[in-house]
Amino acid sequence: MTRAQNTLLNIYNTMFKALGPSHWWPGESLFEICVGAILTQNTNWNNVEKAILNLKDHDLLVPRKLMWLTDQELADLIRPAGYFRIKAGRLKNFLLFLKKEVDFNIDKLKEYPLRTLREKLLSVKGIGPETADSMLLYGFEKKIFVVDAYTARIFNRHFLIQEDITYDDLQEFCMENLASDIELYKEFHALIVRTGKTWCKKKNPLCRDCPLYSIMENK
DNA sequence: CACCAGGCAAGTA
DNA sequence: TACTTGCATGGT
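For the first sequence, the numbering used here begins at 362 and goes up steadily by one.
Hints listed in this document are in silico derivations from the structure and should not be mistaken for laboratory results. Careful, some of the hints might be misleading.
[Unchecked claim] In silico DSS-like pairs for lysine-lysine, Cα to Cα no more than 27 Å straight-line: (1) K461 <-> K378; (2) K378 <-> K411; (3) K562 <-> K547; (4) K417 <-> K378; (5) K471 <-> K481; (6) K504 <-> K481; (7) K486 <-> K417; (8) K453 <-> K503.
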């Protein structure tokens, strides 16, 4: 077992012991998870919940119904999630993709191989690597590790990577040094985000309260 | 008041 | 290619 493999496991176990299971991704359907993935771009989940609740209250959290809305109507509904004009357009792009690809039968996408579906999702304007991988892992149950700014920050503080590492390189690093397990991927990413939000803020370079402090080298 | 959140695309040089 | 900037609400 390499140092990187050992450290990742140590970080995971420490986080899990401190925070317990995350039960991610919140959402009652595949489509809801995909919508949430777009709405949560650079946005607190708390705000996303309000937007999703708006859609549910209007019984609109279904591809065929959302498609009927004008960009303006959609934007007004998702306003609490921030960037609402941009995100209304991105949701429309995703809906158009669903219509053209599988005639709104989103479940059909589950049959696509991981790399094929990933490429198709990335071709949609407004779906980048983190959004695509979140949909793939938590929605489509594909074995792909989701990384983000917190992942780079935390792993950098444990001397595993450079903080300015690219998305793809960081993802490769994680998958090379973790057991190949979908449930592990789901829980680890969730724990990283929860830990990052609480203890690893930008302004907080090294925090004694962080559960990871005890396993940090050179502290 | 400042800061930032479960990013991404477009613009500039 | 490598930076920068716009997007926007709401919590701490």
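These are the hints, each one checked on the structure:
The suggested pairing of K461 with K378 is violated, with an alpha-carbon distance near 45 Å, which exceeds 27 Å. Taken as a hint, the K378 and K411 pair is broken in the structure, with Cα atoms around 30 Å apart against an allowance of 27 Å. A threshold of 27 Å between alpha carbons decides the hint, and for K562 with K547 the separation of about 22 Å falls inside it, so the pair holds. For the proposed pair K417 and K378, the alpha carbon gap of about 35 Å is over 27 Å, so the pair is violated.
The hinted pair formed by K471 and K481 meets the criterion: a straight-line CA distance of about 13 Å does not exceed 27 Å. Proposed proximity of K504 and K481 is supported: the alpha carbons are some 16 Å apart, at most 27 Å. Of the supplied pair hints, the one linking K486 and K417 holds, its CA atoms being roughly 25 Å apart against a limit of 27 Å. Restraint check for K453 and K503: satisfied, since their Cα atoms lie roughly 24 Å apart, inside the 27 Å limit.
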